[in-house]
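Those sequence lines, one after another, are chains S and A. Note that the numbering used here numbers the first sequence so that position 137 is 137, with each residue one more than the last. Note that the numbering used here numbers the second sequence so that position 392 is 549, with each residue one more than the last.
Hints in this document: simulated from the structure, not taken from any laboratory. As the structure is a computational prediction, the values presented were derived from the model and not from experiment. Check before you lean on any hint, since a few could be wrong.
Stated by the list, open to error - Only pairs whose alpha carbons sit at most 30 Å apart, straight line, appear in this in silico DSS-like list of lysine-lysine: (1) A/Lys393 to S/Lys23; (2) A/Lys393 to A/Lys514; (3) A/Lys306 to A/Lys509; (4) S/Lys23 to S/Lys135; (5) A/Lys259 to A/Lys306; (6) S/Lys76 to A/Lys498; (7) A/Lys306 to A/Lys282; (8) A/Lys283 to A/Lys248; (9) S/Lys31 to A/Lys306; (10) A/Lys393 to S/Lys31; (11) A/Lys498 to A/Lys514; (12) S/Lys101 to S/Lys31; (13) A/Lys271 to A/Lys282; (14) A/Lys248 to A/Lys306; (15) A/Lys248 to A/Lys219; (16) S/Lys135 to A/Lys393; (17) A/Lys219 to S/Lys78; (18) A/Lys219 to A/Lys306.
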Amino acid sequence: MNRDDLIDFVYAEAATLDRMEWKEWLALFHKDGRYWMPLEWQQEDPILQPSLMYEDQLLLTVRVERLSGERTFSQKPKSRCHHLLQRPEVVSMGEEDGVYKMRTSFIYTETRGDLLDRYSGWVSHELVEVEGALKIQLKRIDLINFDAPFSNIQLFI
Amino acid sequence: MDRYRGNPQAIAELVKGYAVHRDVYVDQEVYELEMEHLFPNSWVYIGHDSQIPNTGDFITSKIGNQPVLASRHRDGQVYVMHNRCPHKGVKIASEPCGNTGKFFRCPYHAWSFKTDGSLLAIPLKKGYEGTGFNTDEAAKGLPRIENVKIYRGMIFARLAEQGLSFEDYFGDALSTIDNMADRSPEGELEIVSQPIRYMHTCNWKMLVDNQTDTCHPMVAHESSAGTAVSVWERAKEANPDMETPMAVQLYAPFMSPYEFYEGAGIRVWPNGHGHSGVSGSIHQDYDDVDGYLAQMVEAYGEARAREILGDVRHNTIYFPNIMVKGPVGIMRTFIPLGVDKTLVESWVFRLKGAPDKLYERALMYNRFINAPTSIVGHDDLEMYERAQEGLLSDGNEWVNLRRLWEDDEPTEATDVVNGTSERQMRNQFYAWRKFMIQNMEDTTGTPVEAAE
Numbered sequence: 001m002n003r004d005d006l007i008d009f010v011y012a013e014a015a016t017l018d019r020m021e022w023k024e025w026l027a028l029f030h031k032d033g034r035y036w037m038p039l040e041w042q043q044e045d046p047i048l049q050p051s052l053m054y055e056d057q058l059l060l061t062v063r064v065e066r067l068s069g070e071r072t073f074s075q076k077p078k079s080r081c082h083h084l085l086q087r088p089e090v091v092s093m094g095e096e097d098g099v100y101k102m103r104t105s106f107i108y109t110e111t112r113g114d115l116l117d118r119y120s121g122w123v124s125h126e127l128v129e130v131e132g133a134l135k136i137q138l139k140r141i142d143l144i145n146f147d148a149p150f151s152n153i154q155l156f157i
Numbered sequence: 158m159d160r161y162r163g164n165p166q167a168i169a170e171l172v173k174g175y176a177v178h179r180d181v182y183v184d185q186e187v188y189e190l191e192m193e194h195l196f197p198n199s200w201v202y203i204g205h206d207s208q209i210p211n212t213g214d215f216i217t218s219k220i221g222n223q224p225v226l227a228s229r230h231r232d233g234q235v236y237v238m239h240n241r242c243p244h245k246g247v248k249i250a251s252e253p254c255g256n257t258g259k260f261f262r263c264p265y266h267a268w269s270f271k272t273d274g275s276l277l278a279i280p281l282k283k284g285y286e287g288t289g290f291n292t293d294e295a296a297k298g299l300p301r302i303e304n305v306k307i308y309r310g311m312i313f314a315r316l317a318e319q320g321l322s323f324e325d326y327f328g329d330a331l332s333t334i335d336n337m338a339d340r341s342p343e344g345e346l347e348i349v350s351q352p353i354r355y356m357h358t359c360n361w362k363m364l365v366d367n368q369t370d371t372c373h374p375m376v377a378h379e380s381s382a383g384t385a386v387s388v389w390e391r392a393k394e395a396n397p398d399m400e401t402p403m404a405v406q407l408y409a410p411f412m413s414p415y416e417f418y419e420g421a422g423i424r425v426w427p428n429g430h431g432h433s434g435v436s437g438s439i440h441q442d443y444d445d446v447d448g449y450l451a452q453m454v455e456a457y458g459e460a461r462a463r464e465i466l467g468d469v470r471h472n473t474i475y476f477p478n479i480m481v482k483g484p485v486g487i488m489r490t491f492i493p494l495g496v497d498k499t500l501v502e503s504w505v506f507r508l509k510g511a512p513d514k515l516y517e518r519a520l521m522y523n524r525f526i527n528a529p530t531s532i533v534g535h536d537d538l539e540m541y542e543r544a545q546e547g548l549l550s551d552g553n554e555w556v557n558l559r560r561l562w563e564d565d566e567p568t569e570a571t572d573v574v575n576g577t578s579e580r581q582m583r584n585q586f587y588a589w590r591k592f593m594i595q596n597m598e599d600t601t602g603t604p605v606e607a608a609e
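Okay, chain S solo, but in the shape it has when bound:
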């Protein structure tokens, strides 16, 4: 993998979410991958410190299947989302541990009905190569106002 491959991956992952291709998005995760939204500044522990989300494939699958359910009342009407990304920064090419690390500044917009909410922060990707393809080992979302009282965030930043 070269730097362009890594940067392209981050853009493509966001585009998959913006197209609401949830199953394709799930397939980008490593089987042991995690999606993490910390609740504290520079948080180190997802287990014994509080988080907004810390989810594995099983929990992410529940979310994705729920979004298309007939009785998913909070998705009537459905939400849509938009990711605006700054150029991803390559933090590590994985020379030592095989883990590519990226950090990307973002503005995320989620809308439902007449309402629109906007969030800002940084997304960190830890990517590994599996059979020639990049997979997400960890996607971490650090909001600038992680401790603010939000209303529903229903899709994926």
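Starting from the known structure of chain S, fit chain A onto it as the hints suggest.
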């Protein structure tokens, strides 16, 4: 035009028991009267003393819409004060928590106060000499709230000078707090992290009502808990040796059938307190945590340890606006910000001396159920928002609370009833009526008899 101010009869008529008038949820004037009467007359949770262990530590909170702060003084005591400078009203402490050192200092004109609230110093004090300042309220410092009680570390305060004592107000309801604290082998709880905060565009009482509403989980949460169950069943088919993960253990019981909740029971106490899950609850079947039972047996003896852990109460309402989930170690505060705006803060307690796994489970439960990113919370909030809008319909001005109603239902009683009853919601509204009009002067000039 005031319809309710100075009219306790009109307030009382909003609560029929088997129904309440929509104005309790949507009327601006009723909301303002809650701030003026209901919250000051009630014992309201301020915070936990583990948040302020050292001299100079403070936390800020609100009673209704009034800002207060609690601080640890050098005598080791916790003092609760109105959070406003006696000079111009500026809030003395602006952060949720912190340490102020030896004194509070107002950032506007540098008036300073000891950590028990008393006035310490004013710059250029000679400007007040001979002015009569020492007869002013301001000379006393930060107005102190006298009616304060710390119970198992939980700090409560009552603003009104007259009213029920702490013990008379809560009575046997304190048994849930006892059970939660007793679950620590050391008998103590501590708060070591920030709460999950979640903004709701609905009246605060919709959240309070929902805590003992056992007929909604299998309906409103089918999309989350039901999907979790089906995804897990498929995973298990593919790999039968997998053990049920903690996450599935937390979600799956939400799909329990009506019969389960009926049998689990609801207990009510006087003054609006009560809980779901008397003889069982959705929290009863979690995996044992290695080493925990042994710790509890060592601390309490076998019989007492099993008694503590066997009491798996679901949600306990401490009227007016907090809920305690003892077996998980979670407390939620429903903070009114407006007639249709409520801030929910969900706190997790660490059981001192207990294995980390229990704290891990409580944190997981909190983000699954109580977070703005929670798929359970999404559907709850959707219901509240739709109710807040639907109640504006003139087609029916009443909210129905008739489930398992009986004529002559007592309004101040300890009782255990069928777990699908709406009795606890009615119980809350009997208390709501009581504390709304307790000190409300009738200024209508109409004798109560004539109004009937």
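Verification of the hints:
{"no.": "1", "hint": "A/Lys393 to S/Lys23", "in the structure": "holds, 20 Å"}
{"no.": "2", "hint": "A/Lys393 to A/Lys514", "in the structure": "holds, 24 Å"}
{"no.": "3", "hint": "A/Lys306 to A/Lys509", "in the structure": "holds, 22 Å"}
{"no.": "4", "hint": "S/Lys23 to S/Lys135", "in the structure": "holds, 14 Å"}
{"no.": "5", "hint": "A/Lys259 to A/Lys306", "in the structure": "holds, 24 Å"}
{"no.": "6", "hint": "S/Lys76 to A/Lys498", "in the structure": "holds, 22 Å"}
{"no.": "7", "hint": "A/Lys306 to A/Lys282", "in the structure": "violated, 35 Å"}
{"no.": "8", "hint": "A/Lys283 to A/Lys248", "in the structure": "holds, 25 Å"}
{"no.": "9", "hint": "S/Lys31 to A/Lys306", "in the structure": "violated, 51 Å"}
{"no.": "10", "hint": "A/Lys393 to S/Lys31", "in the structure": "holds, 16 Å"}
{"no.": "11", "hint": "A/Lys498 to A/Lys514", "in the structure": "violated, 35 Å"}
{"no.": "12", "hint": "S/Lys101 to S/Lys31", "in the structure": "holds, 18 Å"}
{"no.": "13", "hint": "A/Lys271 to A/Lys282", "in the structure": "holds, 17 Å"}
{"no.": "14", "hint": "A/Lys248 to A/Lys306", "in the structure": "holds, 23 Å"}
{"no.": "15", "hint": "A/Lys248 to A/Lys219", "in the structure": "holds, 12 Å"}
{"no.": "16", "hint": "S/Lys135 to A/Lys393", "in the structure": "holds, 24 Å"}
{"no.": "17", "hint": "A/Lys219 to S/Lys78", "in the structure": "violated, 36 Å"}
{"no.": "18", "hint": "A/Lys219 to A/Lys306", "in the structure": "holds, 16 Å"}
Checked against the numbered hints given earlier, the structure breaks hints 7, 9, 11, 17 and satisfies all the rest.
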